[in-house]
Every structure is written in structure tokens, then in C-alpha cells.
Amino acid sequence: MTDDRSDEALMTAYVGGDARALRELFQRHAPGLTRVMAGHLGSTADAQDVVQAAFLNLHRARRDFRAGSRLQPWLYTIAYNLMRDHHRYRGRRPELLTEPTGPGGHDTRPSQAPGPDADLHALPIRRALAQLPEAQREVIVLHWFAGFSFAEVAERVGARRTAVKVRAHRGYKRLRELLGPEYLELPGDSEAVTVQEPKA
Amino acid sequence: MREPTPGPDELDAMFEAVERRIAAPVGWVEGLRQRSTWVRSAALLGVALAMVALILLGLRRVDLGLHPLPRLLGTIAALATAVLAAGAVALRPLHRRPLRGWLLGLIAGLAVLAPAIVCSLPPAHHDHPASLIGVDADLVPRAAGCFAFGMGFVALAVAAAYLLERSALRRRGSAVLALLGAGALANLVLVLHCPIVAPIHQWAGHATITLVLLLVAAGARARGA
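If you read the protein sequences in the order shown, they are chains A and B.
Under full-length UniProt numbering, the first sequence has 153 at position 153, and the numbering climbs by one with no breaks.
Under full-length UniProt numbering, the second sequence has 150 at position 150, and the numbering climbs by one with no breaks.
Chain A with its partners taken away, still in its complex shape (with noise of 0.2 Å):
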């Protein structure tokens, strides 16, 4: 049966010992959060890695959490932490390169719509966004391969709009440079495009 709990007061619930409320977090955040970090890290098993360590690091954190706060921002905050470390501990920068889904090593295949069906596998796309900075990426990663909006985004990242509406801009801006005429429709540009660059 669904929890209609909202996240905060499953939170909540499981600081004060009702221990089914992390299980119910946990199937609603996981799914989504380990699609985020296979986005990121290149390796669906890395990803899941860290998901689970985000959430043992929650349930350790948990004494932390505080009435008003707002559960997501922390899981993911958590998650690009552990993310991070990943990354300091594997001594190379994020992202993909390792794992060659085709003869050779390349795949060439076009990117596809945004949200559950973006094709991680495409190696173009994840060479790409391994050369954007991490906050433009984590922005693209979250927004793209995820399908949040930028509402959401923001949330998740602990930014506000407008700065997650710039990074997104530059940040596709730059994978249409890098990615060539094949991907000039990427997503979220509609949106992205209508914020003005702040002057220099």
C-alpha cells in the first residue's frame, strides 16, 4: 500500500522510530536518484553504490534532520557528496569513458527525448558532459536524464531558479558545441534560453 506521507513527515516518522518510513523513502527516491548518479558516474552498479550509501548516510544523519526542512535537498546533497568522493577515490575525472557499449568502443547514437528515456548509453553525450563544469552538469544531469523541472532542480541542488535556469543555459549551450548539429534540439532550451547572461 502507498504512504501518502509526504517525505518530510516519513522523515520525520523515522527519526521518531517507525522504521517502514526509510523503506518508503527509499522506493520513492531511489529509482529516480540512481538514474541521476548512473547519468553521472557512467556505471549503473557504481550508481547504485552510492544510492545505497546515501541512504545509510541519511539513516546515520538522521538526528540532523529538523522540522521544516526539506527531505530531498539533503538526499541529494548527500548523494553528490558521496558522488565526489567516488570520483577523489577513483583519481580521475566523472564520468563515463569506461564502459564502451558498442564494437570499438564507440556509439554514436542520437540523444533522445528528456526525462526516463534520455539514452544514457549514448558515449557522445556523456564525453560531453564530462568536459562541463560540475555545476552545469549536475544542473543537465538532473534536469535532462531525469526529467525534473527546473523547480525541482533547484530544489535538489539547494540553488535558486534563476542560478540553475543560467547554468542550464551555458551548460547546453556548450553541449551543442560540443555535440554537433545531430543534437541541436536538446531539451529544456525553450525555458533555459529566456534567462539573460549576467554581465561580466
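In case anyone wonders, no lab produced these hints; they're calculated from the structure.
Nothing false has been slipped in among the hints.
Example chain B residues on the side facing chain A (calculated, C-beta under 10 Å, incomplete):
#1 Pro6
#2 Gly7
#3 Met14
#4 Arg21
#5 Arg35
#6 Arg166
#7 Arg172
Example chain A residues on the side facing chain B (calculated, C-beta under 10 Å, incomplete):
#8 Ala19
#9 Val51
#10 His59
Quick caveat: nothing in here was measured; it's all calculated off a predicted structure.
Where a beta carbon is used, it is the ideal one built from N, C-alpha and C, also for glycine.
Given chain A, put chain B in place with the hints provided.
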């Protein structure tokens, strides 16, 4: 790459693995680490204050009354700020976004530079016999004594940070700031304990603590700890 979104069975298996880890017996160290960040920070602050109290109550420098008060307070404020900032960063929980690099650099720089500047100041006074020793032939033994004394406090402070930091100082930023903060704390303790005012003693016996810890931190950073 496999389909990144786990199916129901895979999701259950993932959660059961998390559940097993959570259900495993928790020792007192893990119990400490699972306390709230406020409690952990208060505990670390309590350890630092206990060290300062120990010195002030039992091992206070004999020339304290002769030391110019504004300079003493300024020295204590600079070192205490470095200790507090480094401690706060070392215990920063995983659900908070990483600090910007320039801010981390500023705090690390404060923890390194504050002891160095304090040790480079001209002698505060020459009015107590205990303040005039520790030079020439007496330099090495006195400096070694202060270095060992300070390193003892470093060991205690780093041990406390290790027990209270959730990753057991495996996260690079936490480890580096814990080391540098412990160095600043040791210098604070020495300011309150050691009456020798010669800058050469201060550098050889006090500032070297921070330099050694800086080398250790750089080594840890290079190894990706």
C-alpha cells in the same frame, strides 16, 4: 551500461542491503558519530576547552601577568578563530553542500598563518627570567620539549575529531582541516603555557607543529585520502 533505473526486485535487494547495515550492532564510536552535528560540535569544542582549562588551571605560563594584555587577547582570538573554523569544517555533515574552494583555502590559510605570525612577533617583554631561556645551547632541548608537548595536544584533538567525524576523517577536507585546526589549538595551548619569548624558540618549538601537520596534510591530499 545496464538500464540505470532499478526494477522492483533490484530495488528490494538494494534496500535490504541498506537495512542490514542499519540493523548491524552499533558500537559506542558509531553511536557518537550518529549524534547530531550540534552535539558532535559541542563535544569537540568541549575537548578543546578542557585542554585550555587544564593549562590555565595547572600549567599556566609563569609570566602571564607581564604579557601585554591586548597582544595576548589578540593572539588568543586569532588562534581560537582558526580552531573554531577548522573544527566546524572538519565536522561539516554530508548533507550540506561542500564549501567553496576559496573559503576552505581561507580557513586552512588562517590555521597555518595565525601560528606563524604569532611566532614571528617580537618578544612581548623581557621582564621575567623564565622568558629569557631557550636560546643558544638551550634552544634545541627547550624547543623539542615544546614541540612534543604541543604534539601531545595535537594527538588528543585529532583523536577527538576522528571519533566525532562521521567518515572517521576519510574525507579529504575533514582530515586536512582537523589536522590544521589541531595545530592551531596546540599553538594556543603553548601560548598559554610557554613563557619563552624568543622568536627563534617560538619558531623551532611552536610553529614547527603546524608546519609538520601541513606536510602531513599535503601528503594525505596527494594520496587522495
